[in-house]
Amino acid sequence: MFSKHREIFKFLSLVLVVLITPLLVHEGYLLNVLIFVGIHTILSLALNLLLGYAGQISLGQAGFFGLGAYISGILTTTHAINPWIAMLAAATIVTTLAFFVGFPILKLKGHYLAMATLGLGIIIYIVFNEAVDRTGGPSGLSGIPNLSIAGYTFNTDLKNYYLIWTFTLVAMGLSLNLVHSRIGRALRAIHDSEVAARVMGVNARVLKVQIFALSAGLSAIAGSLYAHTMTFIAPASFGFNFSVELVTMVIIGGLASIYGSLLGAALLTVLPEMLRAFQDYDIIVYGLLLVLMTMFMPGGLVKGIPELFTSIRARATRKVKTDA
Amino acid sequence: MELSDQIAQYLVSGLSTGAIYALIGIGFAIIYNSTEIINFAQGELVMLGGMFTIFYLNTLHLPLPLAILLAVASTTAAGLIFERLTIRPLKSPTPLALIIITIGGSILIRGITMMIGGKDTHALPAFSGSEPILIGSATILPQHLWIFALTAVAITLNKLFFQYTITGKAMRACAVNRRAAGLVGIDVKKMVFFSFAISSSLGALAGIIVAPLTMTSYDVGIMLGLKGFCAAIIGGLSGGVGTVLGGLLLGVLESLGAGLISSGYKDAIAFIILLLILFLRPQGLFTKAQTERV
Amino acid sequence: MRRILLTLATASVCIFAASISFASSATIKIGALFSVTGPPSFLGEPERNSAKMVVDEINAKGGIKGKKLELVVYDTGGDATKAVQAANRLIKEDKVVAIIGPSTTGESMAVIPVAEKEGIPLVSCAAGSKITDPVKKWVFKTAQNDGLAVAKIFEHLNKKKISKIAILTVSDGFGASGREQLKSNAAKYGIQIVVDDTYGPKDTDMTSQITKIRGSQAQAVICWGTNPGPAVIAKNVKQLGVKLPLYMSHGVSSKKFIELAGDASEGIIIPSGRVIVADVLPSSDKQKKNLIAFVKDYQNHYKAEGDHFGGHAWDAIMLLKGAIERGAETPAAIRDQLEKTSGLAGIGGIFTYSATDHAGLGKDAFVLVEIKNKDWSLVK
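Chains as they are written, first to last, in the working numbering: chain W, 1 to 324; chain S, 1 to 294; chain E, 1 to 380.
These are calculated hints, taken from the structure and not from any lab test.
Heads up, some of the hints might be wrong.
To be verified - Calculated pairs, EDC-like style, for lysine to aspartate or glutamate (alpha carbon to alpha carbon, straight line, at most 16 Å):
hint, chain 1, residue 1, chain 2, residue 2
1, E, K255, E, D279
2, E, K67, E, E305
3, E, K243, E, D263
4, E, K183, W, D133
5, E, K303, S, D120
6, E, K255, E, D196
7, E, K117, E, E57
8, E, K255, S, E36
9, E, K29, E, E329
10, E, K372, E, D285
11, W, K109, S, E36
12, E, K372, E, E259
13, E, K130, E, D357
14, E, K321, E, E116
15, E, K288, E, D364
16, E, K243, S, E131
17, E, K29, E, D279
18, E, K202, S, D219
19, E, K372, E, D263
20, S, K119, W, D157
21, E, K136, E, E339
22, S, K119, E, E305
23, E, K68, E, D56
24, W, K109, W, E194
25, E, K67, E, D56
26, E, K29, E, D56
27, E, K380, E, D364
28, E, K92, W, D133
29, E, K202, S, D120
30, E, K321, E, E57
31, E, K117, W, D133
32, E, K29, E, D133
33, S, K119, S, D5
Said to hold, decoys possible - Okay, the calculated beta carbon distance ranges per label pair:
hint, chain 1, residue 1, chain 2, residue 2, range
34, S, R281, W, L19, 50 to 56 Å
35, W, F296, S, T165, 33 to 39 Å
36, W, L174, S, L276, 31 to 37 Å
37, E, K159, S, L66, 48 to 54 Å
38, S, L145, W, V206, 52 to 58 Å
39, W, T92, E, H301, 51 to 57 Å
40, E, D357, W, G173, 51 to 57 Å
The C-beta atom is built at its ideal place from N, Cα and C for all residues, glycine as well.
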């Protein structure tokens with residue numbers, strides 16, 4: 001089971017990989033892709049806490065991501081507030097909002113929960129589009145400043161890479177801690193059987209809402225990072241499709257796996273780049289992936305790939321035996 | 001023009017849009033009631049109905065009635081293939097897996113349609129002309145009458161089927177308790193298959209009959225599907241009158257909202273209603289409370 | 001541990017596979033960002049087709065000064081995030097000398113900071129006037145400003161002594177930009193907007209909005225959107241028996257609109273680029289030759305009607321061709337030469353850029369057409 005040293009070793013190797021990658025990557029463009037991998041990792045991590053650990057689906061994550069981006073964007077452009085304070089405000093507002101909406105929403109289960117979160121996401125999306133005076137409407141909000149610390153501005157891909165991956169690693173570290181703590185065990189208990197968890201003294205209702213709020217808050221921070229890196233935001237990036245894409249990341253990477261979130265995010269960010277050859281048809285690949293993964297690898301790649309290797313090796317040994 | 005005349009038009013327009021939502025919503029309800037699956041790909045079946053008709057009509061130059069018949073048959077086949085290939089082989093059909101697989105399926109159907117049929121929008125000719133019909137001070141189109149008629153026929157047949165035929169009763173039994181239904185000798189898999197057949201063909205019909213008004217293209221399924229789902233939720237996912245009332249209510253509120261409050265937030269109004277109903281009366285507006293759904 | 005290693009190995013294989021590219025040096029590389037999929041695919045698809053077509057033609061004739069053009073097209077799906085990623089890839093990996101596109105105003109605004117920072121000329125194919133207003137060093141555009149189309153309609157309203165109008169715009173980038181221009185220009189023409197309403201891009205029934213307009217003082221209706229919404233509106237207007245003159249935007253100036261709206265399209269007036277009326281233009285028209293060639297080529301290549309959206313990409317390539325022919329090879333030189341473009345007869349109009357004007361077109365880029373007997377006729 002969980003061994004603390006091994007976990008720490010794993011995490012530190014990841015930190016090392018993140019640190020040295022820019023030295024190996026000479027293509028400036030790849031660095032840009034890795035920035036998005038970082039942002040998407042935070043997002044799929046946030047969703048995985050809710051979906052993988054607590055077993056509660058959300059089809060409205062793009063809405064929280066967008067709220068974070070817009071709150072940060074509007075505060076810094078229209079009200080000339082410091083980007084860091086804007087990010088803090090975005091996280092606080094979205095977490096609070098999700099906490100209060102969470103109570104009625106998480107009373108629902110299964111399809112009803114899916115539909116309610118989907119509805120919430122769409123309502124938020126419509127507000128981005130329609131509140132033209134504040135959000136700039138469908139043509140977007142431009143001129144968002146980069147983040148900076150004491151005169152040092154994060155305005156190149158390399159600087160943003162380290163900035164965003166710092167956030168990503170911190171989020172991953174905290175999540176690892178969380179899921180291996182008492183709370184993590186309580187969450188898994190809810191996932192397996194909410195009734196049983198209640199009987200064991202877990203306050204399932206409040207815990208679910210807290211995780212929902214945490215997940216929304218993390219997404220909002222990712223949104224704020226996104227806004228300050230891109231310096232431009234438009235509603236089209238925060239629609240229902242992106243919510244589905246996030247669910248896909250979690251499913252492909254692996255439910256209830258922190259490293260799975262990273263893998264899913266990396267794959268789904270890099271995959272479209274490879275599929276550029278297919279241009280119009282990447283949507284089919286998406287759909288197919290979602291269906292096939294659910295059918296044949298419900299544990300995601302994190303569990304699926306090792307299983308695949310094990311079974312291949314098992315077959316190979318069997319073959320060796322029959323040959324001999 | 002008087003405000004009362006305007007409101008009359010809002011109501012009539014709302015009812016005709018609502019009938020479309022209702023028709024699509026019934027498709028959701030039928031599958032849910034016999035399998036407890038919310039088929040997120042239902043909207044795509046609606047789209048397929050319209051697109052197949054366009055294909056048979058414009059590319060193969062078949063007469064409209066024949067094109068419609070073939071389109072319904074093709075869509076039903078597509079729905080059944082979808083069920084056979086994805087839902088049935090599922091090892092652990094948890095609600096989460098079912099949600100994701102039907103979402104994946106809807107993306108897939110949409111993508112394939114786009115690849116084969118292109119991205120253009122198409123219009124079907126109206127079934128019986130487009131001369132407006134005057135109702136008091138409000139107007140509707142002959143096509144709306146077709147929609148009302150089809151909705152009425154659909155719920156009547158539905159009611160008769162589920163109440164009075166052995167198959168219908170068996171399907172209801174599956175919804176109440178799958179294991180028990182299996183134990184008394186009902187072929188549960190066959191019933192799931194039936195419910196997909198019925199709802200696919202109903203979805204196709206809905207898609208075909210609305211296409212002259214709303215046009216059709218590979219991506220109309222998402223919004224129509226979601227609205228149909230709202231209608232079904234408001235109606236408590238009943239396969240009959242509840243969903244129809246839900247659809248009509250949704251249509252009227254949307255139309256009034258667009259006319260009197262803000263047309264930009266019209267869709268938001270629909271989803272706020274959905275959320276309120278889920279929060280306050282998840283069993284739907286027109287059914288008595290059932291604890292197990294919450 | 002092994003699990004993690006495998007995971008990382010898989011991820012890095014993917015990343016390396018993605019970074020493989022094929023480069024050749026005897027060509028001039030031009031990047032293109034079009035929304036070939038997604039909601040704005042009605043723009044992106046003809047744009048990509050036209051750009052490919054014209055690049056092939058140039059290469060078939062031996063290229064520009066002996067060098068072949070190579071077009072690298074990336075699909076943005078109408079999403080600003082993807083547009084920025086693709087722009088970065090074009091600049092840093094494909095090492096293009098200039099970029100044409102993106103298709104929409106939102107994506108263009110997202111890509112502009114990248115182009116400005118990296119110093120790569122961007123010839124946007126989107127219509128929003130804020131793309132080149134204020135002028136940005138590296139950014140040009142080919143699509144006619146929405147303001148020009150609005151001016152064309154308002155002049156016609158003035159001629160017909162109509163002063164009270166209702167506007168009905170779609171709530172996406174195209175409609176929002178049109179709405180802005182309609183509202184900001186109305187006073188200048190003595191026009192009062194009595195109803196200002198919107199509809200969603202996927203809406204299927206607009207009778208509520210039109211009922212509201214019917215109950216107002218409006219003497220004419222202006223609808224700003226792209227297919228299929230305006231076709232639904234045309235049908236709804238007919239259903240409700242509204243007899244007011246109906247104007248639409250250049251977003252629907254293609255035969256597709258007439259096909260979708262059917263009889264309801266009769267009498268609708270549209271400001272449009274000259275491409276749809278190419279064959280009825282007087283032979284003195286400077287654009288006529290290119291327009292007719294474009295329409296014919298597009299028909300031959302893609303078995304479809306060439307529209308003015310495709311024309312934006314055609315113009316963008318021709319502008320770059322002009323700049324390169326005048327001796328420019330580096331991004332900076334191309335930018336300088338683009339700015340010196342003068343009197344280039346394209347599909348969208350006659351382009352003349354200057355240090356203070358990177359949009360390059362005048363009001364005469366639009367003509368007013370009326371739909372009569374399911375075909376276009378010029379409004380004199």
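So, going through the hints one by one against the coordinates:
no.: 1; hint: E/K255 to E/D279; in the structure: holds (15 Å)
no.: 2; hint: E/K67 to E/E305; in the structure: violated (31 Å)
no.: 3; hint: E/K243 to E/D263; in the structure: holds (14 Å)
no.: 4; hint: E/K183 to W/D133; in the structure: holds (14 Å)
no.: 5; hint: E/K303 to S/D120; in the structure: holds (14 Å)
no.: 6; hint: E/K255 to E/D196; in the structure: violated (28 Å)
no.: 7; hint: E/K117 to E/E57; in the structure: violated (32 Å)
no.: 8; hint: E/K255 to S/E36; in the structure: violated (46 Å)
no.: 9; hint: E/K29 to E/E329; in the structure: holds (10 Å)
no.: 10; hint: E/K372 to E/D285; in the structure: violated (23 Å)
no.: 11; hint: W/K109 to S/E36; in the structure: holds (13 Å)
no.: 12; hint: E/K372 to E/E259; in the structure: holds (13 Å)
no.: 13; hint: E/K130 to E/D357; in the structure: holds (12 Å)
no.: 14; hint: E/K321 to E/E116; in the structure: violated (21 Å)
no.: 15; hint: E/K288 to E/D364; in the structure: holds (14 Å)
no.: 16; hint: E/K243 to S/E131; in the structure: holds (15 Å)
no.: 17; hint: E/K29 to E/D279; in the structure: violated (34 Å)
no.: 18; hint: E/K202 to S/D219; in the structure: holds (9 Å)
no.: 19; hint: E/K372 to E/D263; in the structure: holds (10 Å)
no.: 20; hint: S/K119 to W/D157; in the structure: violated (36 Å)
no.: 21; hint: E/K136 to E/E339; in the structure: holds (11 Å)
no.: 22; hint: S/K119 to E/E305; in the structure: holds (15 Å)
no.: 23; hint: E/K68 to E/D56; in the structure: holds (9 Å)
no.: 24; hint: W/K109 to W/E194; in the structure: holds (11 Å)
no.: 25; hint: E/K67 to E/D56; in the structure: holds (13 Å)
no.: 26; hint: E/K29 to E/D56; in the structure: holds (13 Å)
no.: 27; hint: E/K380 to E/D364; in the structure: holds (13 Å)
no.: 28; hint: E/K92 to W/D133; in the structure: violated (36 Å)
no.: 29; hint: E/K202 to S/D120; in the structure: holds (14 Å)
no.: 30; hint: E/K321 to E/E57; in the structure: holds (12 Å)
no.: 31; hint: E/K117 to W/D133; in the structure: violated (28 Å)
no.: 32; hint: E/K29 to E/D133; in the structure: violated (28 Å)
no.: 33; hint: S/K119 to S/D5; in the structure: violated (39 Å)
no.: 34; hint: S/R281 to W/L19: 50 to 56 Å; in the structure: holds (54 Å)
no.: 35; hint: W/F296 to S/T165: 33 to 39 Å; in the structure: holds (37 Å)
no.: 36; hint: W/L174 to S/L276: 31 to 37 Å; in the structure: holds (35 Å)
no.: 37; hint: E/K159 to S/L66: 48 to 54 Å; in the structure: holds (50 Å)
no.: 38; hint: S/L145 to W/V206: 52 to 58 Å; in the structure: holds (53 Å)
no.: 39; hint: W/T92 to E/H301: 51 to 57 Å; in the structure: holds (56 Å)
no.: 40; hint: E/D357 to W/G173: 51 to 57 Å; in the structure: holds (53 Å)
This entry does not satisfy hints 2, 6, 7, 8, 10, 14, 17, 20, 28, 31, 32, 33, going by the numbered hints stated previously.
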